[in-house]
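Peer 1: Listed here are the chains, written in short residue letters.
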Amino acid sequence: GGPQGGSGAPPRPAPVRGRKGVRAGAWAGPGVGAGAGPAPPSSIECHGVSLAHSDLNLLGSSNPPASASQVAGTTGPAQNQMQVPSGYGLHHQNYIAPSGHYSQGPGKMTSLPLDTQREDYYSGLYTVPTQNVVTPSTAHQQPGAQQMYGRGPPAPHIAGSTPGSFQGAASSASHLHMSASQPHSSFVNHYNSPAMYSANSSVASQGFPSTCGHYTMSTVSNTAYPSVSYPSLPAGDPYGQMFTSQNAPTVRPVTDNSFSGQNTAISHPSPLPPPPSQQHHQQQSLSEYSTLSWSAAGLLSAQDNLVRNHTGSLAAANNNPANTVADSLSCPVMQNVLPPKSSPVAPTVLSSASSARMPPTANQPVEPVASVTQPSELLQQKGMQYGDYVNNQASSAPTPLSSTSDDEEEEEEDEEAGCFSQCPNTYDPLEGGSLPQVLLFSASSPAPDPTPESDPAPAPAPAPAAPQPSKLAKPFGYGYPTLQPGYQNAAAPLNAGLQPGNPVYSGFQQYPQYPGMNQLSSSLGGLSLQSSPQPESLRPVNLTQERNILPTTPVWAPVPNLNLELKKLNCSPDSFRCTLTNIPQTQALLNKAKLPLGLLLHPFRDLTQLPVITSNTIVRCRSCRTYINPFVSFIDQRRWKCNLCYRVNDVPEEFMYNPLTRSYGEPHKRPEVQNSTVEFIASSDYMLRPPQPAVYLFVLDVSHNAVEAGYLTILCHSLLENLDKLPGDSRTRIGFMTFDSTIHFYNLQEGLSQPQMLIVSDIDDVFLPTPDSLLVNLYESKELIKDLLNALPNMFTNTRETHSALGPALQAAFKLMSPTGGRVSVFQTQLPSLGAGLLQSREDPNQRSSTKVVQHLGPATDFYKKLALDCSGQQTAVDLFLLSSQYSDLASLACMSKYSAGCIYYYPSFHYTHNPSQAEKLQKDLKRYLTRKIGFEAVMRIRCTKGLSMHTFHGNFFVRSTDLLSLANINPDAGFAVQLSIEESLTDTSLVCFQTALLYTSSKGERRIRVHTLCSPVVSSLADVYAGVDVQAAICLLANMAVDRSVSSSLSDARDALVNAVVDSLSAYGSTVSNLQHSALVAPSSLKLFPLYVLALLKQKAFRTGTSTRLDDRVYAMCQIKSQPLVHLMKMIHPNLYRIDRLTDEGAVHVNDRVVPQPPLQKLSAEKLTREGAFLMDCGSVFYIWIGKGCDNNFIEDVLGYPNFASIPQKMTHLPELDTLSSERARSFITWLRDSRPLSPVLHVVKDESPAKTEFFQHLIEDRTEAAFSYYEFLLHVQQQICK
Amino acid sequence: IEWFYPEGPAPPFSAGTGAAACSSPATAFTFAAFCYMLALLLTAALIFFAIWHIIAFDELRLNPIAQCNTLNPLVLPEYLIHAFFCVVFLCAAEWLTLGLNMPLLAGHIWRCMSRPVMSGPGLYDPTTIMNADILAYCQKEGWCKLAFYLLAFFYYLYGMIYVLVSS
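So the sequence lines, in the order shown, correspond to chains A and B.
The first sequence begins at 1 in UniProt numbering and counts up one residue at a time.
The second sequence begins at 1 in UniProt numbering and counts up one residue at a time.
No lab work stands behind these hints: they were computed from the structure.
Computed from a predicted structure; not experimentally measured.
All residues carry an ideal CB built from backbone N, CA and C; glycine is no exception.
Worth double-checking, as some hints may not be accurate.
Derived lysine-lysine pairs resembling DSSO-like cross-links, with alpha carbons at most 30 angstroms apart [stated by the list, open to error]: (1) Lys1189(A) with Lys1163(A); (2) Lys924(A) with Lys1211(A); (3) Lys594(A) with Lys1284(A); (4) Lys1189(A) with Lys594(A); (5) Lys594(A) with Lys140(B); (6) Lys140(B) with Lys592(A); (7) Lys641(A) with Lys946(A); (8) Lys641(A) with Lys567(A); (9) Lys946(A) with Lys140(B).
Examples of chain A residues toward chain B, derived with CB under 10 angstroms [unchecked claim]: (10) Lys865; (11) His951; (12) Asp963; (13) Leu964.
Chain B extracted, bound-state conformation (with noise of 0.2 angstroms):
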């Protein structure tokens, strides 16, 4: 497979990692590596999480007590993961990748700004929750996080190999 190899085509991040490399050449290296690595994990669990959601909103419509009870321990643990490798990131100064995950760290900053008034952890609302609106919004949101993580899955699988192999 073509970007199997170090001359393929370069990817986008080149740059940061050739900057990262430049510096320390012997670690950088290993701990970008490393960061992939963990990224790779994490996400796979992130992508668990998201199936989980999307499950648990299906099934909302039989009980919103129980699946809101179910979901809601959930969400930090999901966004401190998120936030967790984004700092990985930061750290290993991998600009792109912590640049593509900008976005999705800002949504869950918002999240969690705008959340109900709640005395424990979580975001959905089980008396809100069945507003056709609320309801939509959380389904959408729940594929759109499966989506990106499925993504990012490949691309830190790929950043992991580029990092590994142009090493």
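Chain A extracted, bound-state conformation (with noise of 0.2 angstroms):
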């Protein structure tokens, strides 16, 4: 078997075939290093244990290696055999199958699939001879061994076979090997025995298309097996088909050795602690594991092919020193380790396995209803949608659209009609239909306290009202999650005290004499406004003499002027708020105002507590399709008035029956009427296809400075740890590619013995190799992605290629997510340099600190955005990550990520050693990321009162209607901010409503509508509608149209629009409400900080000039204004900082049995900052904690761990756990700080004197810098523009 394994030339992937280059190559991953030669210890491991799971036949342990060998040397049958791990009894009939194969077969082109390889990774790919003489030997020492390794059962393969494809695939096949991967080869093999062909038709389903013929590799690659059924299948022959594989590589071209160079000269000792052991054990003659012996005689047969991926003793004889073995090795041990895999198949055991998982994940935080549905509700939910959907389909209509169908959905008829491929597997059986009902898994206080987010203590089950019980009781087993960290403190207490007490519904227990219909009705809204003298937000301050005008406790947003009932009704201000709180009648009055008139949106923020409704009919009206909410007014009990277009409705019948108090005729009492955000599971007349499946796609580049960055560990770490939390269901689905000059796509079939990667390196007409193949599901390939992940790392080590083609790696992402949708993550590293898209460098360093022309802000071509079009119509969204150390024009990159509503993160500079920060950073945003709600073929319609209209929108998203956005993906940390304005004079009403409706795929696979209901005051007075600013909303909302104004004109008119925004709406309140003289700068209490914020505006890296800012990080800092909600974005505008030396227990927060401190705000200007103090700034994405220089030892080492200031170091990240008060104090509050938001900050601690201090004062934005005014300054800039 030597020569033959050793004949070949080294492994390269090779050639291309036609026009098109399609290389598969293995690479040095465990699978292939199985191919190639020895197999690594670890990797039979798997391998012997996946086999007896499936109850394949196994080869007998007692096969006497020699005669293997001799198998090997002539034919190929013992390939099968070093598959098959022994220990069963049944080797010797395999043994003799495949024998009588062999006679036949070499040769001949007949199609072989080979099954038994299912999980292997060594599957028949391998056709080293040796490996053959190993297997009996591993079986036989320790079979016990190999099925404690098991993973657990394998999932049944549910493909159907279509033989025909394999025909195809098998003639092709011979040519096609290219590469020097003996895989490949092996698959042939496979091909040419026909006796096997037949055995394994069934085998074959994987769902091949037929039509995949002429991608001989991707039909080749595909061959590997699904077999669970799969008998006594010897193997092909291999010996004969890797001849012709090794041969292959000779006469093609061989264009592309970055594999096999790759693999070879891998240097890198791997992280894993497995490789070592493996040595060892190779070193032994009797390895426990077997492997050993595999490994050695692959070797010495195997020879140079055998070298890219194998074992380090005799690799190093080979004069290749092949590390990557060790790699590759560990890999599979790790995955050993792993539980079993759970199959896939039941969806009522996925969910409740998936419930088992949320709670403890404290960073998902999602509703628990939302997450952790009762699976039997859910199932009865889906298969009366999907029969719904079956009957629209089978009626003589066409189109699957009912004829009901939402206006969302009519608007999205065109684009999706046609496009979904339906899968029969999605759905589950009917479990008859379902009944009317309500679910209320939660009834928080919708008390419009700034503070929601209370602790969601688990609330016992009630007897619920609904009409069954045991359905109803489920959720919350399964929904509550257990204590979350409250973030929020004021209302921690007081709800968690309520909460046991008061079963679910308390929230509407508080309300028992809710006002009934007519007190809803608009002549009654809030008027007290006038009656009132002055309220405290009108109170005129005196600007310039007003030393501390920044509150010591955090700024709350204002709370609608309305009556009592209304205001515990509204909206909670962190999903929906208003820049004025009191709605001007008219567009004149808004203009003598000089405030921007929008709304700040946070749809799909993590909810703690959410009621979720199921009912057969959502009650909308019928014109304006508004959903019916708590601000509607009902004229009597069987009918209601639109509070959006006042048309009166009927009540639906079902609607008058209240399932929580099981009563009839009380249509106000209804959920939907008691809360102001609530989620609806649509029914099918939501949908233009069946919900989509979770499908997560990863295209990361793996060029030299990619590789360098070193950004693939930590993220294929980071994946390998949270594939199990992703969120989806059964049908979730992955792929992954990679890119530098060429594309990489990884085919990962299940049944495959290792993943296997196929090149196309014709990047002006990229193309799927294998389409089918390339996204597989999570569950049932996991094995496979594990190998992948674990390899992937080190694939690329010694790559020299500079280039990167993110442009075709992007067009080929499309063409892979378009069938479905879903979610892209791209990982770039910098410009790219080849094929469509490509960009060159704009940015001249010496403009960095310009206080002219900053240019280059908008894209320098509308490739990415055009490519962002094209998915956001496919219900597919990229999301960006930039890690670049130079300038990489992310303003061009950054439209794929907006115009798909995909998200942005940059990490510049990064490094995963140079940078440690930044690489922790990226590790804890990944598993953010990763982990996350997510919903999908989203759309979001947002309505308001008739006669205010919606004039721009801001955020990631494509505008799709006057008022519809599209969102291919939503997440729970994008915002969304809107500009309204008064079309029509609002005299006749006193209250205005605003409705955002998102409607979504969740991740489960249901479709929902999430509703929330804003409303507000209509006030006729200026003097009220200065009462009502909230001022965070207005400067979030004039940064947005800053950035804008930015791209579309240039940054010094934005600056000056922001300066103006000021002057006017100051001179605007100076000159018609406040009586004061001119002379003094005077501002109402609710504005007092507009100008403070407008001043961190212009200081903010967006918008300043004459500081040296990277084009790149200002261009970034604009993404988030645009895409961040509005509680991050002013941490950003303007942080936090806190004196943390003096921490104490005086008004302090418990959450979760901790005590958080709660220090008093500074402002931000060094004058607070005492040489004997440390402070800590909370900017939002990093934290600075700054010590002076006199700084209290005590304070130094009890929390610092170092004894004085000297010693503390340069670079310090991370805050010691010391069992000191003040320790624990002083994390306790950065914990807290930190749960609060998504992406986790990092913390920088910085001394004073330190050369990173400039990046802590640079925040102190009420200080002069030499480019900016200081905060009196600038206060003295407005007063003199508005005495002009």
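The two chains are supplied separately, each in an independent frame; assemble them into the complex guided by the hints.
Peer 2: In structure tokens form, the structure reads like this:
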């Protein structure tokens, strides 16, 4: 066997067929290693295990190695044997069978799919004869061990067989295989033996498209099989094929040596522990794992080919130090440790599993209901929906749309109707019709408290009033995450106290005397304003006189001036805010006030309490399609009046029954009318196609630059850790692509023994080599995915490819995703330099601190925008992770995410060792990113009371209609802003309402609608308008507008506009409302922070001038302004500064048994920094702790763990866990701050006088810098402008 | 109708045409008349462009991408046609007519200069077109152009007849 193995050219991915260059290569990953030669020990274990579970016939351990070797040498059967772990008595039979085949076989071209390999890494790929020898021995020695490592029962394979495809594949296969990769060759062999084919036909089914014949590689790869059912499949003869494959490389021009070269050359010690042990084993003649023998044998016989994949000692002998082997080996070991993989087939199982895993993940505060719906309920719902859907299809109408479809849907229709490929496995069988019922999982007290996210104490499920108590009860059990860390202090204790006693519905009980139908009518809005003499918010403040303008407690959103009931019902300001809580009656009044009118939205925020409603009919206004909400008025029991268009609608019969109280005839007590934030489970009317599965595609830059930066290790590690936590159901699919100057696809089809890499080098006309096996079911191919993730970081370590073909890779990703839609995560480390979408460097470093013109804030090409629009049309969002040390033209690249509703992450100067804080940040961000909730194929519509209209939208989305945003994905960290204008006078109403409806498909495949409704009073006097200004919302809206202005016009225009906003509003106030003389700069109390915040904006990275700012940093800041929700954005604009060296328990709040001190806010000025203190600055995405020179040594020792100031290191990013009171307080405070935001901030300890302190000081926005005003100067400037 | 007769009230551009006539009587008359005829036809085409533009913007709210895709290819032809007969008028030394067209020509050039980054021809970007300001601007632009072209149409008709009659 040796010569054959060794004879081939060095293992290189090879050549290309026809015009399109697909190369299939194996990389040094575990699978490959096996193919080339001796299997790594760990892999063997896996191998054996999986087979055992799958009930395959196994080769007997009794096979004498010698015989195997003989076989190998002569013909190919050995391969199967090696793959099949022994230990089962069947060995003999198998063995025999193959031999029979061999006689017929070697040279002939017939297809024989070898299925035994279903989960083996080493599946038939590895033709090395020596392996045969090894197998028996391993099996022999440790049958028990193999079983131990088993991965659990293999998932039944579902694919139907299409034998036709195989044949095509087989025929093509012979000439295809190119590449050095032995695995392919082995496949070919399988095809050759006809007998095998027949036996295996069922296996073949994996769903290869019959058309795939021309992609020879793909077919080949697919042939690795499913096969649980696979009985005695002896191997096809690998050897014959081996020859062919090996020969192939020599014949074909080897264009790409990247793999082979890389693998062999890898010199990095693998980080994983296993490798050393492996080597150790190898040296031992009797390895426990028996792999030793494999490897040794392999090396000897296999020679060169084997080398790249393999084992240490021998490899060395071959001149190729194959450290890669170590890596590959290590992977399998890890996998073995993993728990058995669960079969994704039964939905109930899955859901329960998912629920089980949810609670512990504190970072994934999914609202209980949404994430963990009770299985039975879900099934029912789904069943019903699907049933409807089917019916629709069956009916004469050619399109699946039901006639009653929602308007959202109607508009989607043209885009979506045809594109869905139906997946029969998707739906669970009908479980009978669903009863109308309301499931209320939690009734939070809808109090308009600024801190609505209080502790969700697990409420015991009360006997619900719903028709099916048992079903209701379930959700509570699953759904309530056990105490999540409450973020917000204030309300927490209160609610915690209430909830245990009050079951779920406590919220409703708080309002037993609901005002009744008439009270809500528009005429009775909150009009208390005029009666009160002068609210606090109107108190005039002389800005130039007031030294400490910043309050010491966080600024809360003002509460609209409504009557008590409406206040309690109103939407939480965290989800929905209006810049003017008192809406001016006319546009003229608004113009006089000179304030921006708009909404700030955080619609998909993680909620701890959310009523979820399942109901046959979702009650909506018949003309404007508004969802029924707390602010409608019931004219009588049978009719309700829409609060947006004032149409009178009938109350449906179903709505008359209140499942909570089991009462009839009280429509106003339904949960829809009691909560301003609700979620409906939508019926099939709301879908144009069956809900899509969760689909995730990762597109990774593996050029030299990327490898240098080392992000792959972090990403793969993070993915491995969170693979089970990816939101999704049993249909979840995942795929990987890498690219440098070529595009590499990874075939992860279930049943393959190892991931296969397919290389497309034709970047001008990108195509998918095997469209069906690149996105695979996460659960069915989990082992392969893990193999790949383990192997990826080391696959490219020696690449010399510096180019990056991002554009073509994205085109390929789009093609791959377009049938289903989903999420594409792109990791890019440099400027794209090849193919479509290539970019040039546009930044002139000398202009970084220019005070004049900042150019290139807009995209250089519309390639990424067009791509994003295409993606958006196919319900695909592109998320960009840019990890670059140089200019990468984020302004152009960001378009791919902006218009496809993706999100953008930027890690400047990323390097995994040189810049550990960025590496840590990436790691934490990834954890959040991978595990957070996600909604697919979403649309969001914002409606408002007649007379108001949407003007401009801000955020990441595509505006598909005047009020409809198309969001391919929605994530909990996305914020939106909307500018409003008043088109008609609002004189005939006293209340206006805004409603956002977010229709999305949850990761569990449910169509849901989340509805938020906000109510605001209408006022007619300018004073009232000023009284209701929400200054934070106004600033965020202004920031969004300024970004647009910067891009469309210029940065200086935007800066002027910001200053003018202050000047205009304050002068308007001074001239119309305040009676004070004009000499003083007076602002109403509600606006007193306005100048400060605008100054902060002017000094923000996005808008600052005169301070050196890299273009990418600036653009990233702009992207964040556009897409961050208000709470996070405010911290970016105006950081919070706390003194932390004297934390006390005074005013502390208790969160989850922790005492969290609440130090007062300090103003952002160096005057507050005393040398004796230590200060914490919370900038949203980063924390700085500034340590004064004269800081108390006790503090330094107790909190930082160093004896004195001098000994504190320059770079410090963690607070040690010290057992002292002050350390505990500081850490508990920081943890509390951290928990409140999605992206965990990085902590920097900054010593006074260290070079890093400039970063800290640039956030002190009240101070003067060489290029910008101090706060006081700014006020004077404003005053001057006003007086002009 | 009164202005059909040469002795009617003198059109404001009579000086220009007179000058042309003086220099080369035979050809100039026919060329100027030809210019007006050409402009007449082309303006009729431009009117259709403008109407199409207005209709498309009304339907924009249904599908911005498709609408932009239908509108964008028409922008450049429209501008070229207009620029073409401006040049023709320049050759014919119809100064007043040219002067009347100059603002629009300048407007077109400005639009081309300030167009968003696009790989294809056209002005309209589906991602920003739904922005209320831009949408309103484009709609207004459509109506203004329609009005201008309609007036111009009759003006050219008048000019053509005037030139023919005065020859």
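Peer 1: Lys1189(A) and Lys1163(A) were given as a pair; does the straight-line alpha-carbon distance stay at or below 30 angstroms?
Peer 2: holds (20 angstroms)
Peer 1: Double-check Leu964(A) for me: the hint is only fine if its C-beta lies closer than 10 angstroms to a C-beta in chain B.
Peer 2: Holds, about 9 angstroms.
Peer 1: Below or equal to 30 angstroms on CA atoms is what counts here, so check Lys641(A) against Lys567(A).
Peer 2: Holds, at about 20 angstroms.
Peer 1: Using Cβ atoms only, decide whether Asp963(A) comes closer than 10 angstroms to chain B, and label the hint accordingly.
Peer 2: holds (9 angstroms)
Peer 1: Hey, Lys594(A) versus Lys140(B), does the alpha-carbon distance stay inside 30 angstroms?
Peer 2: Distance ~25 angstroms between Lys594(A) and Lys140(B) Cα, so the pair holds.
Peer 1: Take the shortest C-beta to C-beta distance between His951(A) and chain B; is it under 10 angstroms?
Peer 2: holds (4 angstroms)
Peer 1: Quickly compare the C-alpha distance for Lys641(A) and Lys946(A) to 30 angstroms and report which way the hint goes.
Peer 2: holds (13 angstroms)
Peer 1: Could you grab the alpha-carbon distance between Lys1189(A) and Lys594(A) and see if it respects the 30 angstroms cut-off?
Peer 2: Cα-Cα ~46 angstroms, so violated.
Peer 1: Hey, Lys140(B) versus Lys592(A), does the alpha-carbon distance stay inside 30 angstroms?
Peer 2: holds (25 angstroms)
Peer 1: Quick one, are Lys594(A) and Lys1284(A) close enough, alpha carbons at most 30 angstroms?
Peer 2: holds (17 angstroms)
Peer 1: Would you check the hint for Lys924(A) and Lys1211(A), treating anything up to 30 angstroms between C-alpha atoms as holding?
Peer 2: The hint holds at about 19 angstroms.
Peer 1: Check whether the Cα positions of Lys946(A) and Lys140(B) lie no farther apart than 30 angstroms.
Peer 2: Since the Cα atoms of Lys946(A) and Lys140(B) sit roughly 24 angstroms apart, the hinted pair holds (cutoff 30 angstroms).
Violated hint for the displayed structure: number 4, the only one.
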